[in-house]
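Asker: In case you want the letters, here they are:
2 protein chains.
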Amino acid sequence: MNAATAYGWKKKILRIDLSESERRIDRFVPEQSLLNDYLGGRGLGAKILYDAGRVEALSPANLLVFATGPLTGTTTPASGRVSLSTKSPLTGTIFDSNCGGSFGPAMKKAGYDAIIIAGKSPEPVFIEIEDDRVELKSAETLWGENVKATTGFLKEKGSGSVACIGRAGEKLVPLASIISDATHAFGRGGVGAVMGSKNLKAIVVKGTGKVAISDRAEFSKQKKAINRLLIACPTISKGLSVFGTPFLVKITSWMNVLPVANFRKGEPEQDFNLKPFFAKTIEEERAPKRRACYSCPIACKREDKGGGELPEYETVGLMGANIQNPDYEAVVEANRLCNDYGVDTISVAGVLGCYSELRGKGISPEELVNLTRMVGDKQGVGEELGKGVSSFAASEGHPETAIQVKGLSLPSYDPRGVKGLGFSYATSNRGGCHTRAYLVAPEILRKPKAIDPYTLAGKAGHTKIFQDRFAAVDSLVVCKFAFLGAGEEEYANILSAVTGVDYTSEDLMLAGERIWNVERLYNVREGFGKADDILPDRFFEEKVNGRVIDKEEFLKTLDEYYRMRGWDEDGVPREGKLRRLGIRRKK
Amino acid sequence: MNAATAYGWKKKILRIDLSESERRIDRFVPEQSLLNDYLGGRGLGAKILYDAGRVEALSPANLLVFATGPLTGTTTPASGRVSLSTKSPLTGTIFDSNCGGSFGPAMKKAGYDAIIIAGKSPEPVFIEIEDDRVELKSAETLWGENVKATTGFLKEKGSGSVACIGRAGEKLVPLASIISDATHAFGRGGVGAVMGSKNLKAIVVKGTGKVAISDRAEFSKQKKAINRLLIACPTISKGLSVFGTPFLVKITSWMNVLPVANFRKGEPEQDFNLKPFFAKTIEEERAPKRRACYSCPIACKREDKGGGELPEYETVGLMGANIQNPDYEAVVEANRLCNDYGVDTISVAGVLGCYSELRGKGISPEELVNLTRMVGDKQGVGEELGKGVSSFAASEGHPETAIQVKGLSLPSYDPRGVKGLGFSYATSNRGGCHTRAYLVAPEILRKPKAIDPYTLAGKAGHTKIFQDRFAAVDSLVVCKFAFLGAGEEEYANILSAVTGVDYTSEDLMLAGERIWNVERLYNVREGFGKADDILPDRFFEEKVNGRVIDKEEFLKTLDEYYRMRGWDEDGVPREGKLRRLGIRRKK
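Residue numbers (numbering that gives the first Met the number 0), protein chains in the order written: chain A, 0 to 586; chain B, 0 to 586.
Please note: incorrect hints may appear among the correct ones.
Just so you know, same-sequence chains aren't split out, so a pair can sit in one copy or run between any two.
[What the hints assert, rightly or not] Think about it this way: if two alpha-carbon atoms lie no more than 25 Å apart in a straight line, the pair counts; the simulated PhoX-like pairs of lysine-lysine are: (1) K136 x K11; (2) K377 x K585; (3) K576 x K288; (4) K586 x K136; (5) K170 x K585; (6) K585 x K136; (7) K249 x K264; (8) K586 x K446; (9) K304 x K288; (10) K586 x K170; (11) K288 x K550; (12) K377 x K288; (13) K377 x K586; (14) K360 x K550.
For the record, the hints were derived by calculation from the structure and aren't laboratory data.
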């Protein structure tokens with residue numbers, strides 16, 4: 000990499016301390032070397048959180064780090080996402096979550112690579128940002144409102160992009176999300192509760208500036224190259240772009256990896272009709288509108304003609320067959336409620352899967368809607384459910400029914416039939432998550448090339464490579480779907496054109512490995528270790544569709560994975576590895 | 000109190016984040032209401048730390064808050080001190096420590112009410128401040144140097160006031176202090192280890208500004224009134240001013256409260272000669288020079304003619320009879336070593352008392368000097384000793400020999416004979432400390448009026464009042480010795496003259512109570528409770544000089560104290576009390 004420039008990155012971080020005694024708004028210039036090494040987004044967030052030391056998730060000392068990447072706000076394809084890093088109240092790990100829409104580009108155009116929120120306001124507030132103007136305003140009248148009303152109110156006042164919490168975040172529900180522009184979720188790890196714990200209702204950002212590009216001609220050339228690759232990829236152009244993510248339902252059910260009855264069965268009961276959940280059915284019956292995030296040619300989001308967002312694949316899978324609810328309409332409604340209260344759809348579905356197993360019958364459509372509302376409002380049994388699947392199952396005396404890793408419930412792919420993906424759940428640093436390594440791509444979608452989903456052989460290496468790769472992608476911050484068609488080579492090229500810093504695909508992979516190791520160190524510091532890199536016993540003990548995971552083989556693969564990572568036998572990064580990555584271990 | 004002004008306070012706080020990813024220097028304006036309610040110094044530090052949430056003491060997330068008060072930098076008598084607040088690695092409680100000299104006045108003249116240090120530098124650094132200019136500089140060449148060499152080097156470069164750590168702080172010894180201008184210690188709670196954990200070697204401050212005074216005529220009048228009261232007080236004018244703090248040795252030995260043999264005996268062995276430790280002997284034999292802190296007419300510090308500081312009362316008491324060392328010269332040498340390595344004299348003496356009891360013989364003069372050096376250098380047995388008396392006694396299997404409260408070893412007054420002081424040790428929020436309530440004044444020095452030291456009757460109330468009083472005094476920040484002659488009435492008057500905000504003595508007492516409660520909430524949040532508000536069993540079980548503390552009476556007094564404080568039976572502040580003090584309970 001060559002010398003530093005002011006291109007791509009804004010080289011300005013906004014930091015807001017909400018606390019009574021240290022309340023202030025300041026701006027600082029991050030080191031260029033930090034941006035070079037950690038890129039932005041998730042990487043920058045991880046480094047900031049690791050450097051900041053140990054905190055409790057709901058303490059004022061926890062930080063919310065909203066971070067863009069060097070490509071954000073340019074017209075690089077699929078670069079419209081934005082990352083949020085914080086310590087999770089649900090998993091206790093370092094956590095990042097990214098969402099699409101236009102919040103990230105707005106931040107960048109307002110002049111900021113990142114916005115760090117520290118402290119806790121004594122009164123509910125929201126933050127209003129328009130370029131250099133940054134103000135804290137009272138949110139007393141908004142407190143108690145859900146996401147759609149809050150977003151509507153704030154949008155009425157201006158044209159900024161909004162990120163806010165609903166009642167779930169206010170009530171510190173550990174499944175709470177932050178929702179941007181009413182439908183894009185910073186989901187999974189309860190980041191909405193962290194925002195709620197700071198008495199911060201919303202952030203509104205409007206930016207009128209531009210992102211400087213070092214070499215415009217080269218940028219145009221690379222952009223064309225990427226767009227061509229996206230179009231040339233049938234998974235995108237004939238799948239995602241046409242049907243949105245629910246196109247996966249048919250594929251996973253055909254592969255028998257669509258979870259059924261809390262991951263206990265291979266197929267739905269005979270009278271359970273999957274057809275209403277298929278993307279083709281939805282397309283034919285509703286003819287939904289296509290929606291795209293900022294600067295994205297894929298346009299995978301779908302909404303009803305009358306407005307109202309439609310659920311993604313994970314939600315459709317987990318709120319349908321896995322809880323034995325046959326009604327797609329109820330999933331649509333529950334999904335909207337999740338977005339309105341600001342709670343995570345996968346996690347709500349996960350805990351309902353456990354609930355349904357424990358009481359021995361499926362969740363009816365009415366129950367799905369009512370229970371979702373109760374989780375969002377922290378009412379009745381919703382309070383216990385809202386603590387997440389690990390806590391709920393333990394409180395019921397049946398921890399074995401919690402289908403999760405590190406407290407995060409699993410997404411909608413049964414690991415018995417996608418063993419690499421299962422291994423990546425176990426070694427994920429934010430808990431049971433499919434997007435860390437996104438082995439959905441090679442094991443299910445056969446991209447960039449197909450690998451055998453039914454074996455663990457070779458999966459230690461695949462997991463490492465894909466974890467590193469997507470750590471870099473999350474730091475750029477680019478949508479993973481683009482990587483079904485394009486590769487890190489093309490994004491390294493466009494990154495070089497934007498920033499004027501020479502990046503190769505190897506540089507990106509190395510940055511990804513650096514970020515992964517910083518995140519591991521964070522979790523090791525929190526007490527996580529080998530015992531946490533494991534799947535629920537069910538997958539080692541109960542055959543489904545004739546498949547099970549061999550525990551001995553799994554543990555051998557884990558040892559192999561640690562060796563490939565340069566970690567010791569307990570999964571702690573060795574000094575030599577850290578030195579090569581330029582990371583200092585911190586207390 | 001009337002409207003806000005810019006007098007007294009600078010209304011500017013300097014905040015420096017040393018971490019790699021958030022490194023920056025910023026300045027912010029604290030709310031006037033915060034300054035009105037918490038005054039400055041310890042109060043401001045407590046509020047900032049409480050608002051900042053839970054952290055580990057040696058984590059980058061811990062803060063160092065150096066804070067002056069509204070009177071600092073004026074010529075108010077005895078206003079030359081400066082406060083430092085942080086979470087203690089020794090006690091796990093909130094901690095503040097204040098020291099004299101000129102560091103505080105220099106901060107204030109440079110334009111800052113407080114300096115907050117956050118984060119951890121990847122490399123050793125020091126901070127250089129001259130008015131608006133604030134720079135981080137490499138301390139690579141200073142790392143490994145002790146206090147005197149470090150201070151000498153930094154003083155050579157300019158005329159600023161220095162606060163630095165020695166090798167003990169660098170090595171994270173839990174007894175480490177921060178030392179200002181080579182002889183003034185921020186002592187007791189291991190604050191030097193916090194500074195070391197941040198890779199911060201020193202802060203140098205030079206200020207050329209002035210502190211604005213609202214009503215100069217009234218200020219002069221009040222200053223004269225205070226000076227007159229100080230001179231009129233014989234404890235000051237014929238005690239402290241003539242002999243320095245060691246004048247107490249004769250008084251406490253006469254009262255039989257000078258601790259002997261780790262608080263196990265009433266008097267030294269017959270062949271132990273106390274005379275060399277008496278202030279009069281020291282005065283006659285060495286004719287030391289008087290030294291005063293900035294703007295202090297008392298001038299209680301003493302140094303040898305050839306330079307070299309002499310030990311204070313606590314050090315003389317605890318490094319002599321209590322460890323059965325008969326050699327005053329060895330105490331002088333050990334005291335200087337403590338200041339050079341940057342370790343706390345009381346705590347080193349305390350752990351040596353325990354060490355001597357466990358091995359069944361006193362500490363020889365040579366051993367005192369050698370062991371002090373080993374603690375400072377974290378070598379040999381010094382490593383275990385340096386962890387403090389609770390840790391050391393526990394590791395030896397004899398926790399009962401640790402004479403401490405909340406891990407902080409007791410100062411040089413046997414609580415059996417000064418029962419109020421003993422009760423104040425137990426209820427102190429920073430562990431076994433005489434300066435929280437400073438009942439030395441009424442129980443030993445009979446100021447402002449004598450109270451019976453041999454009973455617990457009435458001591459719940461006295462403790463509360465004196466705790467609140469000195470919480471305010473530590474926040475102003477004024478030396479407690481001034482309160483042997485003057486009172487909160489006079490200081491409220493001069494505070495009003497300086498700031499233009501009307502304060503009465505009741506306002507000061509209320510501020511003190513507010514601060515005490517914030518500190519209590521901090522400790523409650525850390526898990527401290529009733530079980531920690533207790534003295535070592537020895538004082539309830541072993542008679543010395545025919546005196547013992549009745550445990551039942553002690554516990555009744557504790558209940559009474561909680562009631563008077565408006566706390567529940569576990570010592571947790573009740574909502575009503577917090578509401579009246581304008582405090583919000585925080586997670």
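Asker: Decide, hint by hint, whether the structure agrees.
Answerer: Consistency of the hints with the structure:
no.: 1; hint: K136 x K11; verdict: both (23 Å within a copy, 22 Å between copies)
no.: 2; hint: K377 x K585; verdict: between (37 Å within a copy, 21 Å between copies)
no.: 3; hint: K576 x K288; verdict: neither (48 Å within a copy, 58 Å between copies)
no.: 4; hint: K586 x K136; verdict: between (36 Å within a copy, 23 Å between copies)
no.: 5; hint: K170 x K585; verdict: between (33 Å within a copy, 15 Å between copies)
no.: 6; hint: K585 x K136; verdict: between (37 Å within a copy, 21 Å between copies)
no.: 7; hint: K249 x K264; verdict: within (17 Å within a copy, 85 Å between copies)
no.: 8; hint: K586 x K446; verdict: neither (40 Å within a copy, 47 Å between copies)
no.: 9; hint: K304 x K288; verdict: within (6 Å within a copy, 89 Å between copies)
no.: 10; hint: K586 x K170; verdict: between (32 Å within a copy, 14 Å between copies)
no.: 11; hint: K288 x K550; verdict: neither (45 Å within a copy, 77 Å between copies)
no.: 12; hint: K377 x K288; verdict: neither (33 Å within a copy, 69 Å between copies)
no.: 13; hint: K377 x K586; verdict: between (36 Å within a copy, 19 Å between copies)
no.: 14; hint: K360 x K550; verdict: neither (29 Å within a copy, 60 Å between copies)
Hints 3, 8, 11, 12, 14, counting from the list given before, are not met by this structure.
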